[in-house]
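Trainee: Here is what each chain is made of, one letter per residue.
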Amino acid sequence: MTIPLTWYLILSAALFAIGLFGVLARRNAIAILIGVELMLNAVNVNILAFWRYIRPDDPSGQVFAIIVLTVAAAEAAVGLALFISIYRTRRSINVDHLDALKG
Amino acid sequence: MNLSSLNWNSLLPELVIVATSLIVLITAVVGKVSRVDRIARGHALAVVTLIGLLIAAGLTIMQLSQPASDFMGMVQSDALSHYLNLVILLAAALAVLLAWDYLGRFTYSFSEFYSLLLLAVAGMMFLGKSTELITLFVSLEILSISLYILTGFNRHQLASAEASLKYFLLGAFASGFIVYGAALLYGDTGSTWFSDIAANASGGFLTLAGFALLLVGFAFKIAAVPFHMWTPDAYQGAPTPVTAFMSVGTKAAALVALFRVLQSAVSAPYETWAWALAILSLLTMTVGNVAALRQTSIKRLLAYSSIAQAGYMLIGLVAGTVLGLQAMLFYLFAYAFMNIGAFACASLLESDDWSELQDASMANARGLFSRQPLLATALAIFMFSLAGIPPLAGFFGKLYLFDAAIDAGWLWLALVAVINSVISAYYYMRVVVVMFMEAPDESTRVRLPIPDSAILAIVIAVLGALLLGILAGPSFASLGQAVVAWRF
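Top line first, the protein sequences correspond to chains A and B. Number 165 marks the last residue of the first sequence (my numbering); no jumps. Number 860 marks the last residue of the second sequence (my numbering); no jumps.
Okay, chain A solo, but in the shape it has when bound:
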């Protein structure tokens, strides 16, 4: 018995929605970053499912997934460095406490 493509797509959409909720609802910058990572990985599930079911002969789906992973890693590296830099001066990375710029 094979799992139909739709199941993967539903899983991916659900993961994406959970990540989206995390970004919108959490106030800690690291939790928000986790939400973003969840969104990107949901997309990876999606891409790989599409690759396996629609174009298993063509490697561009796999390449796409690897590139998304790489970009997610680069983003995490830059993001965490930023959080550390802010934590050193503010002793907090709660985004609600960052209100110097407004208007």
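I should point out that these hints are in silico values taken from the structure, not numbers from a laboratory. There's no promise every hint is true.
[Claimed, not checked] Examples of chain B residues lying across from chain A (beta carbon under 10 Å, computed):
#1 517
#2 521
#3 528
#4 530
#5 536
#6 538
#7 561
#8 563
#9 564
#10 645
#11 647
#12 797
#13 808
#14 812
#15 813
A virtual CB, placed ideally from N, CA and C, is assigned to each residue, including glycine.
Starting from the structure of chain A, add chain B where the hints point.
Mentor: Just chain B, lined up with the frame of chain A:
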């Protein structure tokens, strides 16, 4: 696959920029130098960066009449991408001139700065050329990640770090939407090439959702309302040369990439998406202009103004005709001159105290005319141009855009845009009034002596804003000849 069959020549400008970026980066780890020498080394690196940008611009101009599709159709060099390259390289060169003196005030990490700036330039140039979803995504991320770091470059200043964090979180969020949209389009058509997507799209839910998510992601990058929340904070907090560069470069590259997606990847009639763009454009210019009315910081005012300007430029996409594209490109050139010029003047009004947030507040410009008549006149020219007052470049840019909209049957959008221009004149003129009509007092602050590099940048920007206005007809026509050659 044969490497020599990839036609590397058409990517020469981009390769030159990437090579320059790596050369500049390597100098960070070569040898130890004293503090005094570091500034000199920073200037040398700025010169290397400028040379790289000039070579890339020269190569772009040489290729101007040679459209080519390369790397198995992943990138497309044509009039559109060549003119975009010129706008981006111009913006970067002016930003380097601004950074020349500015950077030394808060950091010695010159090689990292110029290297990241060049990488962002390369990302933007690739973005404008990409005709394939993976290429598009990678170039978008190269430019975004470089800009997150550049925004927070003044990391000991809270505003800069905060701006960077906000830009990063929302930018990464937007990337999620873009890549999800790309995945859905891939699933719908089994290909990531724009031409295949246009040919095989089912027109069903997957196609629609894919393009809608891509549009949301691009709207974030262009800073279109309602996806603009990060813009004022990021633009105000970032070091001013970075703000000047990214306000022009990111918008230009993202607008051109969006145009390419809509023209070559969408098989549905253009009108289907033109409506969504028209609403985006309407919201963007109105919200940007209304929010700019009550700003007291010149930098933040310019940030909201740049949101409104993005709304005007979207009109070119709404029209979607040769005339619309031509008008958008013309406006991008005009915008590069006047907006970077305005930020250049604003950078001179900042105080040296990094703990202050309102570092280019309106009060700093009070009575500027009696203290620094030339600087005040230059800033006034940029403000007039942004407001769209003849005979400056901004006026003709708007004229061509509105004309293209009417020509394509979007009369109401052109009318809304005209009303918006009137609203915007109020806050642009307020800056001029503060400089010319009010008497200077203790809050008036100009950074003296004004560095030569900043003067050079401002002079170039003034000349650009004036000449593009005076020679609007011929330059618009020459843009047209190149653009018409582009397939529609």
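Trainee: With reference to the structure, classify each hint as holding or not holding.
Mentor: Now the hints, each set against the structure:
With 10 Å as the threshold, the beta carbon of residue 517 of chain B comes within range of chain A, its nearest partner Cβ sitting at about 6 Å, so the hint holds. Look at residue 521 of chain B: its Cβ gets to within about 6 Å of chain A, closer than 10 Å, so that hint holds up. With its C-beta approaching chain A no nearer than about 7 Å, residue 528 of chain B sits inside the 10 Å limit, and its interface hint holds. For residue 530 of chain B, the suggested interface contact is upheld, since its CB lies about 5 Å from the closest CB of chain A, less than 10 Å.
Annotation: residue 536 of chain B was flagged as interfacial toward chain A, and the flag holds, the nearest CB pair being 6 Å apart, inside 10 Å. This hint holds: residue 538 of chain B has a C-beta 7 Å from the nearest C-beta of chain A, less than the 10 Å allowed. With its C-beta approaching chain A no nearer than about 9 Å, residue 561 of chain B sits inside the 10 Å limit, and its interface hint holds. Proximity of residue 563 of chain B to chain A holds as hinted, the smallest CB-CB distance being about 7 Å (cut-off 10 Å).
Given hint, residue 564 of chain B at the interface with chain A, holds; its Cβ is 6 Å from that chain's nearest Cβ, closer than 10 Å. The closest approach between the C-beta of residue 645 of chain B and any C-beta of chain A is roughly 22 Å, which is over the 10 Å cut-off, so the hint fails. The beta carbon of residue 647 of chain B comes no nearer than 25 Å to any beta carbon in chain A, farther than 10 Å, and the hint placing it at the interface is violated. The interface hint given for residue 797 of chain B is violated, since its Cβ lies 21 Å from the closest Cβ of chain A, which is over the 10 Å cut-off.
Residue-level restraint check for residue 808 of chain B is violated (minimum Cβ-Cβ distance to chain A is 25 Å; threshold 10 Å). Proximity of residue 812 of chain B to chain A is violated relative to the hint, the smallest CB-CB distance being about 25 Å (cut-off 10 Å). Nearest Cβ of chain A to the Cβ of residue 813 of chain B: about 23 Å, over the 10 Å cut. The hint is violated.
In this structure, the earlier hints numbered 10, 11, 12, 13, 14, 15 are contradicted, and the remaining ones agree with it.
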